[in-house]
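Participant: For the protein sequence lines, the chains are A and B, in the order given. Each residue of the first sequence is one higher than the last, beginning at 73 in the working numbering. Each residue of the second sequence is one higher than the last, beginning at 73 in the working numbering.
It is possible that some hints are incorrect.
Same chains, same label: a pair holds when it works inside one copy or across any pair of copies.
Here are the simulated DSS-like cross-link-like pairs (lysine-lysine), alpha carbons at most 27 Å apart as the crow flies [claimed, not checked]: (1) Lys-200 to Lys-74; (2) Lys-350 to Lys-448; (3) Lys-101 to Lys-205; (4) Lys-74 to Lys-203; (5) Lys-101 to Lys-435.
Hints are computed from structural coordinates only; laboratory data are not their basis.
2 protein chains.
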Amino acid sequence: MKTVNDYREIVGDKIISDLYKKSRKLSGKSVVHINSTYYGGGVAEILSSLVPLMNDVGLDAGWRTLRGSPDVFSITKKFHNALQGDPIHLTSIKKKLYTETNEDFSTYTHLDHDFVIIHDPQPLPLIKFYKRKQPWIWRCHIDLSHPNEKLWHFLKGFILQYDDVIISHESYRNNIPFEEKIISPVIDPLTPKNMDLSERTINKYLHKYKIPTDKPLITQISRFDKWKDPIGVINTFKLVKEKVDCRLILCGSMAGDDPEGIKIFENVERKANNLIEKGDVILLNFDNNILVNILQRISDVIIQKSIREGFGLTITEALWKETPVVASNVGGIPLQITDGEDGFLFEPNDLDGFAKKIIEILKDPEAYKEVGKKGKEKVRNNFLITRLLGDYLDLLNETLDCR
Amino acid sequence: MKTVNDYREIVGDKIISDLYKKSRKLSGKSVVHINSTYYGGGVAEILSSLVPLMNDVGLDAGWRTLRGSPDVFSITKKFHNALQGDPIHLTSIKKKLYTETNEDFSTYTHLDHDFVIIHDPQPLPLIKFYKRKQPWIWRCHIDLSHPNEKLWHFLKGFILQYDDVIISHESYRNNIPFEEKIISPVIDPLTPKNMDLSERTINKYLHKYKIPTDKPLITQISRFDKWKDPIGVINTFKLVKEKVDCRLILCGSMAGDDPEGIKIFENVERKANNLIEKGDVILLNFDNNILVNILQRISDVIIQKSIREGFGLTITEALWKETPVVASNVGGIPLQITDGEDGFLFEPNDLDGFAKKIIEILKDPEAYKEVGKKGKEKVRNNFLITRLLGDYLDLLNETLDCR
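Whole structure, please, built from the sequences with the hints as guidance.
Facilitator: Quick look at the structure:
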């Protein structure tokens, strides 16, 4: 089980000692995190690192997942998309199933903790079904900049009951009618997705997944999703390919229950058909953290041509591997990249800009090593799990002081 | 949320009043159930009924699920099969992943309940990682009559630490080196799988799933699994079909990750190819509780030609619907059926016996209505969720008395 000390070599003694200091008043206090799943997705990933570390610094930190039927989770998936701006047919049966799922769960989930932290909309209504004995915090990991109005109005009925609301980004704040805190996401440098890997492991995976390394490599790691603009990546690659012989990898897992993802994947396959047959474009549809880690390490450039982006943890991961990143100037990306300093930013529709910069990097990779190094330092100082742990300890201390 | 009172009309006032009596000394005591999943499979199904009812009679009953990676759950699936007699390559990495998963979970799962009830092998090692402050009970739902010796030896290392072990059937007892209790499984008459349905709902589903009702119907509800002998069912049906024009439905959900199930399904398809094309045999591969409920109600005969069977809850479900059942005399089936009284039993290889009885029933369904009625009474008196709740209350009371 991970301990805070494991991060000492990465973040230095001072950070570790600060974490212990921040936890002193919280020692023995109990906190419970509730989200919708133990596996799959960024929230489960962060909690799987955060919760053990909270215990390690002396809190009694628990982690529960909401019980919901597949039907209910397909409704909350629609909620998720609608919070990001999609239309939704918000029927009373949807609201009822959602609320009842939380009520049912509350009957056999006894919360006598000192703090309750609810993640994302799935377990949001829980607060309605408890006699509140402790501070309740809602931690929303979703892009809230363009929420569907009707849904937002409905959800606010629950949100308003919370003591604190945490969002990921400044730009989500406009719609929240009360003070909220901003905590940006982080990566864990010790997970399979980010840890250092031996040459042997890397070669084993390259062989297994048949990834050639004879030409320079450009990679985008992203779900096959319109907001990630995979077609735009293909078109950018065509421009690059005119000047430098190289390969493009698009790597993204695809849930079997995501018909839109499958459609987009097939569309990309059609559009890039010739390039795929020649082996210049490689589409990978695996959900393997070590593979992602390796691609981020061996690529000459990581591209992220998103049209919209929440925070963009794939950028954080790539920066951590010292690989130059060329990305869209949207969402949380400019929080992570200072253009020309530790990466490169272009407007999403500026294909020429993307292509020109990628060509420059591929032609003279040595010249961009420094950029990669600075990217890693940016992440080390701002976007590692130890910072998140500190943020939560600060928040709990503040909440304690206010009581 | 379900309450014990909802069952009053089904089981009568006496049973309900007994449940309240049994719960008096337990009022306010806390108990936590831990299993591996909130959805899918019989254990989750039973807990989704049992846990709310335990709360309803005055206990603080909680329900948690173990966090495990897909890799670990594929290991515990192998354990499950090996406990039922399959061979297993029990490597130290398997043991390590299994044990560590439980250790990890224990670090953020604080158990200060009055009773801990662990279901099946997945969370079995948890006991090793707690300072035991309360009785721990291991409830095993698996057929333990022929466990793989090496695995059993390994698991006993954990089992021996428990205060109580509950198994489902007398015949599993031979391998357990200490006293254990037998609690046979039950069904919940108020779930979608067992509740009464309106004519309108039934017709809607029959239409949706294109199920014809112009000929007498024989149905087996079972996974496509060698132990359920689907090929034997097809061969039995051929014998019946020589005498009575009728149809056979084989209905079983099939997990996408079960390659053996897919192979068996395809084998059945091949073997019954002509009959399927003529529409005389219908294979349904859906996991829909209401569909199962309807098939059990509209069929003229339910067949269950298992070669091995744990308890056989599909039998219990069918009996509850007053449909005559013709089944193998194996495992838990004879506990539920008294041959000639409330159903019919044959040795698994006695195809002629099966066929002859089915023909008799199809030829004179009226004559077998009484058998169906008696089947329902057997279930009412022995295999409903209220009985299980009572068993658990008894167990907790006893445990309390021993302290």
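Participant: Of the hints given before, which are not true for this structure?
Facilitator: 2 and 5
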